[in-house]
Amino acid sequence: MGLSDMVPDRFKVAYPKLQSFRQPNIVTTTADFVFSWARSNSVFPFTYGLACCAIEMMSAGFARWDVARFGMEVFRPTPRQCDLMIVSGTVNEKMAPVLKRLYDQMAEPKWVISMGACATSGGPFYDGYNVVNGVDKVVPVDVYIPGCPPRPEALFQGLLELQGKIAAYSFTPVLPGARPVKEG
Amino acid sequence: MSDFFLTAEAEPDEAVKLALRRIDEAQAAGQGSDVEGLRLNEVVVNMGPQHPSTHGVLRLVVTLDGELIKDVIPVVGYLHRCKEKLAEKRTYFQYIPILDRTEYVAGMNCEWAYVMTVEKLTGIRPTRRAEFIRVIVGELSRIASHLVAVGTFTADLAPLGTAMAFYTFRDRELILDLLEEVSGGRMMYNYLRFGGVRYDLPSGWVEQCRDVMKRMPKLIDEYASLVDDNAIFLQRTVGKGVISQQDVVDYGITGPNARASGVELDLRRTRPYSVYPELDFEVCTAQHGDVFDRYRVRMDEMRQSVRIIEQCLDMLPRGPVQSGSLRAPYVVTPPPGSCYVGQENPRGEYGTYIVSDGSRYPYRLKYRDPCFCNLQLFPKLLRGNKIADAVSISGSMDLVLGGIDR
Amino acid sequence: MGLEVGTLKVTMDEIAADLARDFAGDLEDVRIQEPDTIVARLAREKLKDVARRLKAHEDLAYETLNFVAAVDLGAQLESVYHVYSWRTNTWIELHVPVPRAKAEVDTVTDVWPAADWHEREAWDMMGIRYLGHPDLRRILLKDDFVGHPLRKDYVDLAENHPHV
Numbered sequence: 001m002g003l004s005d006m007v008p009d010r011f012k013v014a015y016p017k018l019q020s021f022r023q024p025n026i027v028t029t030t031a032d033f034v035f036s037w038a039r040s041n042s043v044f045p046f047t048y049g050l051a052c053c054a055i056e057m058m059s060a061g062f063a064r065w066d067v068a069r070f071g072m073e074v075f076r077p078t079p080r081q082c083d084l085m086i087v088s089g090t091v092n093e094k095m096a097p098v099l100k101r102l103y104d105q106m107a108e109p110k111w112v113i114s115m116g117a118c119a120t121s122g123g124p125f126y127d128g129y130n131v132v133n134g135v136d137k138v139v140p141v142d143v144y145i146p147g148c149p150p151r152p153e154a155l156f157q158g159l160l161e162l163q164g165k166i167a168a169y170s171f172t173p174v175l176p177g178a179r180p181v182k183e184g
Numbered sequence: 185m186s187d188f189f190l191t192a193e194a195e196p197d198e199a200v201k202l203a204l205r206r207i208d209e210a211q212a213a214g215q216g217s218d219v220e221g222l223r224l225n226e227v228v229v230n231m232g233p234q235h236p237s238t239h240g241v242l243r244l245v246v247t248l249d250g251e252l253i254k255d256v257i258p259v260v261g262y263l264h265r266c267k268e269k270l271a272e273k274r275t276y277f278q279y280i281p282i283l284d285r286t287e288y289v290a291g292m293n294c295e296w297a298y299v300m301t302v303e304k305l306t307g308i309r310p311t312r313r314a315e316f317i318r319v320i321v322g323e324l325s326r327i328a329s330h331l332v333a334v335g336t337f338t339a340d341l342a343p344l345g346t347a348m349a350f351y352t353f354r355d356r357e358l359i360l361d362l363l364e365e366v367s368g369g370r371m372m373y374n375y376l377r378f379g380g381v382r383y384d385l386p387s388g389w390v391e392q393c394r395d396v397m398k399r400m401p402k403l404i405d406e407y408a409s410l411v412d413d414n415a416i417f418l419q420r421t422v423g424k425g426v427i428s429q430q431d432v433v434d435y436g437i438t439g440p441n442a443r444a445s446g447v448e449l450d451l452r453r454t455r456p457y458s459v460y461p462e463l464d465f466e467v468c469t470a471q472h473g474d475v476f477d478r479y480r481v482r483m484d485e486m487r488q489s490v491r492i493i494e495q496c497l498d499m500l501p502r503g504p505v506q507s508g509s510l511r512a513p514y515v516v517t518p519p520p521g522s523c524y525v526g527q528e529n530p531r532g533e534y535g536t537y538i539v540s541d542g543s544r545y546p547y548r549l550k551y552r553d554p555c556f557c558n559l560q561l562f563p564k565l566l567r568g569n570k571i572a573d574a575v576s577i578s579g580s581m582d583l584v585l586g587g588i589d590r
Numbered sequence: 591m592g593l594e595v596g597t598l599k600v601t602m603d604e605i606a607a608d609l610a611r612d613f614a615g616d617l618e619d620v621r622i623q624e625p626d627t628i629v630a631r632l633a634r635e636k637l638k639d640v641a642r643r644l645k646a647h648e649d650l651a652y653e654t655l656n657f658v659a660a661v662d663l664g665a666q667l668e669s670v671y672h673v674y675s676w677r678t679n680t681w682i683e684l685h686v687p688v689p690r691a692k693a694e695v696d697t698v699t700d701v702w703p704a705a706d707w708h709e710r711e712a713w714d715m716m717g718i719r720y721l722g723h724p725d726l727r728r729i730l731l732k733d734d735f736v737g738h739p740l741r742k743d744y745v746d747l748a749e750n751h752p753h754v
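Residue numbers (this note's numbering), protein chains in the order written: chain A, 1 to 184; chain B, 185 to 590; chain C, 591 to 754.
These aren't lab readings, by the way, just hints derived from the structure by calculation. Virtual Cβ for every residue (Gly too), placed ideally from N, Cα, C. Take the hints with a grain of salt, since some may be wrong.
[To be verified] Dumping the calculated DSS-like pairs for lysine-lysine here, alpha-carbon to alpha-carbon at most 27 Å: (1) K165/A with K137/A; (2) K742/C with K692/C; (3) K424/B with K564/B; (4) K599/C with K304/B; (5) K564/B with K201/B; (6) K110/A with K165/A; (7) K304/B with K742/C; (8) K645/C with K732/C; (9) K100/A with K110/A; (10) K273/B with K424/B; (11) K110/A with K137/A; (12) K692/C with K732/C; (13) K137/A with K564/B; (14) K645/C with K599/C; (15) K645/C with K564/B; (16) K165/A with K100/A; (17) K564/B with K304/B; (18) K638/C with K564/B; (19) K201/B with K732/C; (20) K732/C with K742/C; (21) K137/A with K732/C; (22) K638/C with K692/C; (23) K304/B with K273/B; (24) K742/C with K100/A; (25) K732/C with K273/B; (26) K100/A with K137/A; (27) K732/C with K564/B; (28) K100/A with K570/B; (29) K273/B with K742/C.
[Unchecked claim] To give a feel for the contact side, a few chain C residues facing chain A, derived at Cβ under 7 Å: (30) K742; (31) D746; (32) A748; (33) H753.
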């Protein structure tokens, strides 16, 4: 069994060279690909429920929806063990510094999903005096999920989009002092 | 984005300063736990707003002496979304969806409290069929909410992990399916209207609901069989965090938390609204007021809700679901005045106090949120307990921060 | 000990008459709001005294504070206390006018302990200062928030939005 058997079809489009490695054989590939493939299939989300969307995020983790099918069921309660922050709810001016601090505590590489209308733009509370209109004013966001709150299916689509994004991500080491640039 | 970094040198905020000040005051008064000149005996620990066990964004500044809790300062407001101010910019009708997002685990009940207040202000009377539908969806919402409460509460206690939460969330989906078919939303319903409800029940829904209700008691027994005789669960819950009846009176504790202390306070009985006087159900109470009793009252209430729903399905009358025309609820202008109506939410008395100035917009809207009142008792409940029990006690109080923080 | 609800069967008219008798000169504009609430107005100087007497009243015993709502009426502010009587299973709604320029009123935390957070919230949102409150800090907004947002003349300030 070669590595290519374990690779989902949609990634082969990005890596056509893998198609030829059908026989049991030595596989040559790039470190980028192996890292991306591994990382995209073992995302550790952060247990950081903010508001209503957090209840849907919990539902997504339980029996009917079962986020474990996508290799993301291990929600970690500490930012230092996570690489995905799902901002599930309204961020207000009191919470924003805390959110930024938690984001800073997460180890690189890290991603952020903005779940729901509130985290994306302020949602139904956009004109409130205490609401941050979009978490992207505080931390960089990779995937936005619309909905108020998004159904678990919508969350899954967001997670799959993120997996594709991670798979296309380059982890080539950069010179000391420079920060890797996120593509996408 | 400028001064965003909270570094180690950053100034502690007011709550932490208060905790430190209280330690100093206790030391000065000779009540500190300062043994043989050990100055650093008491530690201030920050719990939250991101903490896996506080169910949302509750933050507790805990002063610990070893493992014992000396003092707790709850800090709320991390989910303050200006809902009371937003009421001034939205018409009565436009404001209904915001109500779903206050206590988001039981949105239907929150809408109901608001709709009842506006109906009382304007003098609109809902139709009889609509009243029954409201009771049905309200009680379904109550079951769904208690399932979340019980599931997350047991998930916080070590012996089971998330085992019970898997069962409760599995069955919560059955109820969300029913509510979704009625209203179109899983959690945010926007279903109740002034003088009725938005849609009539879809065809076949009554049978489907009856079916789920028939299964529900067995499912509740299943949850009970998981924990009721679990020695570790009992050790961690029995006798912990006792709310006395005096506390209930002093702090305005309502809902299952009050009933667990033996107080028969249930607004469905003591201040009856809708068609509850016609229905036959028991007010579930317990005697001791500890964590275990609060859990048990919730389990019993789910059984009673099933009873209520079954009766309503039998008694469901025919007729319109909206008084007046279907467009009637869109523009509501109550006469000037103020009014408060309380309603029995799964967490206690939830009500809205509305001041009207005769225009289409509420002049002032204020929530009376049960969790906000229940959380006040928290420092008193936690003092003297172990830090690990803070988790079980907060779980048993069933706090929803969306309501506390407005 | 059994804490029971509605042990004393009285009509709303009787309660209103009782209040008019025992609190003559203190409670003004006593009226009944159907089905079970008495609405009354009182001056802020008398609040603490009346609150104590309402709680200690032998028949009515308004023991539990339900909530405190602060209302901005334009010319003046108002602090509204909603109090529950277990014995009669009724509520009383006390409207206490507070002048806008000097928004201060005595705290009732020592009478009804539940008032603690409600008064903090009213201070936070409406800027009514409760004199004698043990811990009058902001509760919902951040510590360095400027202004009291539920006042009608509040304008959204840029310093309250550092993240735009």
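Hints violated by the structure (numbers, ascending): Of the numbered hints, 8, 10, 13, 17, 24, 28, 30 and 32 do not hold.
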